[in-house]
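A.B. asks: In terms of the working numbering, the sequence shown opens at residue 21 and continues consecutively.
Calculated directly from the structure, the hints in this document are not laboratory data. In this text, a Cβ means the ideal position worked out from N, Cα and C, and glycines have one as well. Please note that a few of the clues may not be correct.
Said to hold, decoys possible - With a cut-off of at most 20 Å between alpha-carbon atoms, the simulated EDC-like pairs for lysine to aspartate or glutamate come out as follows:
#1 Lys-585 <-> Glu-679
#2 Lys-445 <-> Asp-614
#3 Lys-543 <-> Asp-556
#4 Lys-526 <-> Glu-465
#5 Lys-255 <-> Asp-296
#6 Lys-676 <-> Asp-638
#7 Lys-611 <-> Glu-668
#8 Lys-585 <-> Glu-571
To be verified - Using C-beta positions, here's what the derived DEER-type ranges look like:
#9 Leu-224 <-> Gln-599: 36 to 44 Å
#10 Ile-606 <-> Ala-564: 20 to 28 Å
#11 Ser-300 <-> Glu-350: 41 to 49 Å
#12 Gln-234 <-> Met-361: 31 to 39 Å
#13 Leu-521 <-> Gly-655: 45 to 53 Å
#14 Arg-451 <-> Glu-679: 45 to 53 Å
#15 Ile-606 <-> Ser-662: 20 to 28 Å
#16 Ala-564 <-> Gly-655: 37 to 45 Å
#17 Glu-418 <-> Ser-662: 27 to 35 Å
#18 Ala-204 <-> Gln-67: 46 to 54 Å
#19 Gly-133 <-> Met-361: 51 to 59 Å
#20 Gln-67 <-> Leu-347: 48 to 56 Å
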Amino acid sequence: MQLELIMSSGFSVFRVAISFVIMCISYMPTIDSLPELSPQKYFSTLQPGKASLAYFCQADSPRTSVFLEELNEAVRPLQDYGISVAKVNCVKEETSRYCGKEKDFMKAYLFKGNILLREFPTDTLFDVNAIVAHVLFSEDVEYAHLYFFHCKLVLDLTQQCRRTLMEQPLTTLNIHLFIKRMKAPLLTEVAEDPQQVSTVHLQLGLPLVFIVSQQATYEADRRTAEWVAWRLLGKAGVLLLLRDSLEVNIPQHANVVFKRAEKGVPVEFLVLHDVDLIISHVENNMHIEEIQEDEDDDVEGPDIDTQDDEVAESVYRDRKRKLPLELTVELTEESFNATVMASDNMVLFYVDWQAVSMAFLQSYIDVAIKLKGTSTMLLTRINCADWSDVCTKQNVTEFPFVKMYKKGKNPVSYTGMLGTEDLLKFIQLNRISYPVNITSIQEAEEYLSGELYKDLISYSSISILGLFSPTMTTAKEDFSEAGNYLKGYVITGIYSEEDVLLLSNKYAATLPALLLARHTEGKIESIPLASTHAQDVVQIITDALLETFPEITVENLPSYFRLQKPLLMLFSDGSVNPQYKNSILILVKQKYLDSFIPCWLNLKNTPVGRGILQAYFDPLPPLPLLVLVNLHSGGQVFVFPSDQAITEENLVLWLKKLEAGLENPITILPAQEWKPPLPAYDFLSMMDAATSQHATKKLPKCMKETDVQENDKEQHEDKSAVRKEPIETLRIKHWNRSNWFKEAEKSFKCDKEL
21 MQLELIMSSG
31 FSVFRVAISF
41 VIMCISYMPT
51 IDSLPELSPQ
61 KYFSTLQPGK
71 ASLAYFCQAD
81 SPRTSVFLEE
91 LNEAVRPLQD
101 YGISVAKVNC
111 VKEETSRYCG
121 KEKDFMKAYL
131 FKGNILLREF
141 PTDTLFDVNA
151 IVAHVLFSED
161 VEYAHLYFFH
171 CKLVLDLTQQ
181 CRRTLMEQPL
191 TTLNIHLFIK
201 RMKAPLLTEV
211 AEDPQQVSTV
221 HLQLGLPLVF
231 IVSQQATYEA
241 DRRTAEWVAW
251 RLLGKAGVLL
261 LLRDSLEVNI
271 PQHANVVFKR
281 AEKGVPVEFL
291 VLHDVDLIIS
301 HVENNMHIEE
311 IQEDEDDDVE
321 GPDIDTQDDE
331 VAESVYRDRK
341 RKLPLELTVE
351 LTEESFNATV
361 MASDNMVLFY
371 VDWQAVSMAF
381 LQSYIDVAIK
391 LKGTSTMLLT
401 RINCADWSDV
411 CTKQNVTEFP
421 FVKMYKKGKN
431 PVSYTGMLGT
441 EDLLKFIQLN
451 RISYPVNITS
461 IQEAEEYLSG
471 ELYKDLISYS
481 SISILGLFSP
491 TMTTAKEDFS
501 EAGNYLKGYV
511 ITGIYSEEDV
521 LLLSNKYAAT
531 LPALLLARHT
541 EGKIESIPLA
551 STHAQDVVQI
561 ITDALLETFP
571 EITVENLPSY
581 FRLQKPLLML
591 FSDGSVNPQY
601 KNSILILVKQ
611 KYLDSFIPCW
621 LNLKNTPVGR
631 GILQAYFDPL
641 PPLPLLVLVN
651 LHSGGQVFVF
661 PSDQAITEEN
671 LVLWLKKLEA
681 GLENPITILP
691 AQEWKPPLPA
701 YDFLSMMDAA
711 TSQHATKKLP
721 KCMKETDVQE
731 NDKEQHEDKS
741 AVRKEPIETL
751 RIKHWNRSNW
761 FKEAEKSFKC
771 DKEL
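Sequences and hints are given; from them, build the entire structure.
C.D. replies: This is the structure:
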């Protein structure tokens, strides 16, 4: 264990070609290895580009000698880096700004030659290690802060130690608690009732997070638990709960158990399949009282560089966290084609200087952890900042971007949400070819019941079966094209045998038609295909996947938002009231709410909803709240009267008042276009232009995916023949991808043009 305290004044990080001047309030009569000079003599010895460290002292100030002893110890190691050291005695006959006021003697001054680079308090130079560290490696920070270095876990001296920043104010009690929490066990295995488990973390005021494991997935679960433990270090205790050895029953679906630090509070059984969701749940439910001393009431927290979006800020905060990158294969220009041709590959194209790329890289590693030992899909990555030619040849001009490569097939682009669960779903659903060719009535019934692909139901609870007569050749081709574009997002199948009428009659479907099986509800719906064009089929299926009264989340909001209808949203702090839900569903069935999107938002699952409400209300009223938000026309926000029960009758009367203009909005949202905080550039073309004198050619608006063999051939062609897009046409993808259908529609157009 090692603690390091750093305080500096805000200049840039420096190396060795510097001059360091320290003002002091102490005097040491004689230190053999530390030269003593007058101010005039010292400044006359300074040379441009040369490094020198000088300690200014008042000759008549008999204060502490400890600092001079530590400075003397620092002479030799600093000289090894070309930095000379001297003690300068201030005398009355000579005037110098470094021999002035008493407060100046409490600062350190850093020079390069005779140019002052920086100054910082001398109390940060408490020993030889601190002196050398500040001269050579000190970071540019604005306030004192404390790090805990976990060096006991490092076996090789060439490896770096993990470090954890203390985020609380630097008070005696906070430092004491911080050290105690850092020395608590990182991960503990238990096989007992979580309600009865007590660890040192609870005594330190921290909650407990149990990662539920079983024998079949023990290794993967332990790796996940270790990763969670590092991210929650100092915020919660993490334990691996062995389900197979438990005598107490835990809900079968639960994979995480959360126990608060407060006594008597029952544990929570959760289903959280994403590491970030676990972290968010803990941070949103933490109630750790910070212990502050009176004299530190005015201490400000760290002023982390304010980023222009939340993704960049999260990456900045996690910039020191090490990812297990060894779980993915890093590709280069030499290894790319050989690797993707050898096996089924998922390739992440990213750039290491972009916030969204680095944020998504964390989710990508999460997927690798979940698939380790259970999938033949090889997860690889290539840094397009280093290998721009490869990315250009693969038609990748926006980042991050993911493609799936399978032998003998064109690569498939992933256009879903940039998160662990959505990418994992995409990979798992691509294990089979789409649409599935169903060959018998019995097989069709197994498909519709979910038995045929029951191992995929957890990734897609809805299956689509297209019904066509054998003569509907064009309609079948269009449906197959639509199914191909939807692969990775929903399970699609096709039935076109002579006895197809048996199925169509059973489910009252007029050919051509779609059968939509909702496995969790045990329902099968028939949807007529008025148009069989591939684009229209994709749109019909996409709309059919939407729920009647959905729980709105960050991930699914874009799907409902694109419908351009007002949101009739019920905000709740937990599960929705069944009575309210039934009232809204009855009105949906009676077609009263066709002009709206009835939905609800659980603040416990989606904490950002609280910020949304705060934009509507001041102060925030008690929940639940039913709100009508007209985002697409006028921006008015209306609230259902809090003194009325949410019943069918009251809702209908309220909506009629809204239609008649008898209700006033509580607020009107400003009309402004949501744009990315920074302009988008074609960085690949910019990098290529810097290294090549060849004229670039304009890329056609659409380029068809080429197989790996063609790309391998292109590698040996002249680089001047590589086509590039103009700068203004390229974009950097954002964290919230709501343009899936637009991408599919564009691909349809590309195929027709080509």
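A.B. asks: Identify every previously stated hint that the structure contradicts and give their numbers, smallest first.
C.D. replies: 2, 3, 6, 11, 16, 17
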